[in-house]
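Read off the chains here:
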Amino acid sequence: MLEIKNLHASVDGKEILRGINMTVNPGEVHAIMGPNGAGKSTLSNVLAGRDGYEVTQGEVIYKGQNLLELEPEERAQRGVFLAFQYPVEIPGVSNIYLLKAALNAVRKYQGLEEVDAIDFLTLVRDRMKLVKMDEQFLHRNVNEGFSGGEKKRNEILQMAVLEPALAILDETDSGLDIDALKTVAEGVNALRAEDRSIVMITHYQRLLDHIVPDFVHVLSEGKIVKSGDKELAKELEKSGYSWIHDAPEGQTA
Amino acid sequence: MTDQSQQLESITQKEYKAGFVTDIEVDSLPPGLSEDVVRQISMIKNEPEWMLEWRLKAYRHWLTMDTPEWAHVHYPEIDYQEVSYYSAPKKKTDGPKSLDEVDPELLKTYEKLGVPLDERARLAGVAVDAVFDSVSVSNTFKDKLAEEGILFMPISEAIQEHPELVKKYIGSVVPHKDNFYAALNSAVFTDGSFVYIPKGVRCPMELSTYFRINAANTGQFERTLIIADDDAYVSYLEGCTAPMRDENQLHAAVVELVAMDRAEIKYSTVQNWYPGDENGKGGIYNFVTKRAACRGESSKVSWTQVETGSAITWKYPSVVLQGDNSIGEFYSVAVTNNMQQADTGTKMIHLGKNTSSTIISKGISAGRSQNAYRGLVRVGPNADNARNYTECDSLLMGDTCGAHTFPYIEVKNPTAKVEHEASTSKISEDQLFYCKQRGLDTEDAVSMIVNGFCKQVIRELPMEFAVEAQNLLGLSLEGSVG
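Chains as they are written, first to last, in full-length UniProt numbering: chain A, 1 to 253; chain B, 1 to 482.
Just so you know, these hints were derived from the structure itself, not from any lab.
The structure displayed is predicted, hence computed values, not measured ones.
Treat the hints with caution; some may be incorrect.
[What the hints assert, rightly or not] In silico lysine-lysine, BS3-like type, Cα no more than 30 Å apart, as pairs: (1) A/151 <-> A/108; (2) A/14 <-> B/426; (3) B/412 <-> A/151; (4) B/417 <-> A/100; (5) A/230 <-> A/63; (6) B/281 <-> A/100; (7) A/151 <-> B/455; (8) B/347 <-> A/108; (9) A/132 <-> B/426.
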């Protein structure tokens with residue numbers, strides 16, 4: 001599904017990612033953990049194609065294709081989904097309008113016709129149950145006046161509707177109370193599938209109690225310094241991130 | 001500049017789709033303006049003496065006036081002697097009696113513009129009065145409207161057939177002395193639409209006019225007069241385009257609306273005159289006086305406009321709230337791109353008691369354009385409990401354009417309540433990236449964000465016009481983002 005090889009990237013000439021290597025197979029859930037400033041958000045932004053990030057070395061292969069040469073919308077249409085850490089407000093644009101435009105953009109790439117209004121509503125209503133959202137959400141403006149929890153649930157709703165092959169969840173747990181966290185986690189768990197890979201980026205271990213990953217990677221100073229299974233996350237929880245710096249280099253998956 | 005901005009830049013340079021020239025024979029007066037020209041226009045139109053006198057009075061007054069210079073627009077001085085004041089498609093016989101007799105070239109023009117002139121019009125339920133350069137070419141549904149007692153015809157025809165109505169109302173809202181352009185228009189106006197809705201009649205369909213300036217060096221000076229008598233209702237749509245020409249073309253229209261007791265007039269405009277090229281060459285100078293009088297009690301007038309065209313726009317659709325409990329509304333989207341300049345807004349003049357007005361203005365600037373909102377809210381000493389709410393939002397695309405707001409508020413009654421809100425924002429890279437990450441390309445993303453910004457105004461437009469306006473926004477709004 002996704003292969004990251006020796007990825008180096010910088011922002012404003014400052015190197016943030018310093019050689020990331022990682023392989024994600026279909027159906028796997030990977031967690032990337034690390035302290036602030038480790039490069040977690042940079043990694044998700046580079047994968048999604050945001051402006052302002054310069055890849056200086058390495059490559060990213062997604063479904064056999066060089067991901068880095070695609071425009072952000074081309075990546076999205078091919079099934080790469082980023083659940084934003086800070087979902088953006090779009091005044092005057094209703095949630096359902098954006099959802100429909102997004103779904104149709106993906107369908108167009110797949111050579112499918114625009115979704116029929118009734119089918120669309122049926123689909124959306126079904127997916128809304130996953131994140132326990134009320135129908136009135138659909139008619140509110142995108143993220144405008146949403147609480148932190150509502151914004152994150154809305155991201156997962158979009159994921160549920162768009163059915164991406166690769167979902168990158170950027171700090172999806174940040175700013176959530178425990179109930180909201182559970183709702184979001186249940187939504188994500190319901191979307192785990194054999195042909196779908198999920199990369200979760202998080203600072204805290206608590207998300208991983210609810211969405212149990214197959215693999216855990218520790219990112220520090222732009223490199224993956226340690227990889228393991230879910231037990232690694234627990235270890236981190238106990239001893240914090242400070243011990244990582246003492247760990248020998250090159251212990252990557 | 002980022003990649004995204006560059007992409008946006010390239011989208012900015014959209015072609016003007018209505019920029020074709022129709023090749024038809026025209027009758028026109030040579031350029032120049034004099035009393036003789038005014039007399040000639042009146043003669044061509046076979047006008048009664050009183051009309052000619054009115055024109056001459058206006059002309060003589062115009063000679064004493066100076067071009068207004070207070071607007072936030074800049075352009076070389078216009079030589080009014082270089083403009084031709086009359087241009088009409090050459091008449092084959094005595095003027096078309098039906099669509100079959102209209103020059104097919106002309107019909108093709110309207111077809112290209114998407115004007116539903118033929119049977120499609122019936123399906124769409126839109127009655128169209130199409131003004132091509134200076135004359136009204138065809139007017140659909142006249143008979144059906146006549147059954148209701150509704151008059152919808154070119155104003156030149158109304159002068160012949162209903163002189164008493166025209167005489168009573170023309171200049172009663174915008175007097176010929178009102179301003180420089182209104183005086184000029186009063187002297188040389190060649191055609192426009194006339195609508196009269198009798199007492200108690202709700203006009204069963206949207207009435208619509210399409211204006212097109214085709215001939216080079218022609219000014220278009222149309223004059224529209226709409227009267228809604230007691231308890232009447234009408235929704236009127238106006239659309240405008242012009243071919244691409246290197247020279248500037250002059251458009252100085254006057255629109256007068258009169259709403260009597262409990263009458264309501266909804267006036268919607270989608271203006272897409274040629275804006276000039278990206279270096280500011282060519283384009284329409286649009287100097288328009290639009291004003292409504294809420295003359296009767298509990299009457300209501302709404303102006304809704306989407307302005308994407310013209311090199312220069314100078315336009316303030318206004319409402320004089322004379323009747324007690326009358327309501328004035330102004331919903332506007334003004335878009336400027338490249339070198340366009342717009343100075344537009346409204347005036348709400350509260351004279352009657354319990355009058356209320358709402359102003360929602362959305363200005364969008366891109367390229368190197370300048371976009372100004374200028375609004376006046378005046379509450380007279382007798383206008384007890386007058387209310388006004390003004391919201392004025394500007395959206396900037398890129399960092400080489402300008403947005404300006406000039407609100408004027410004059411209140412002479414202590415019971416008045418006037419609210420003003422203003423905001424300026426930019427389309428953010430974050431919003432764009434968010435949409436793109438959901439699979440939308442830059443063009444669709446910009447169009448969606450901008451349409452969201454304009455939603456309050458767009459939703460005031462009648463359905464088919466709203467779609468047209470949204471498409472237009474999609475075409476002309478996309479600009480660079482900084």
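Consistency of the hints with the structure:
no.	hint	in the structure
1	A/151 <-> A/108	holds, 27 Å
2	A/14 <-> B/426	holds, 28 Å
3	B/412 <-> A/151	violated, 47 Å
4	B/417 <-> A/100	violated, 42 Å
5	A/230 <-> A/63	holds, 26 Å
6	B/281 <-> A/100	violated, 40 Å
7	A/151 <-> B/455	holds, 22 Å
8	B/347 <-> A/108	violated, 47 Å
9	A/132 <-> B/426	violated, 33 Å
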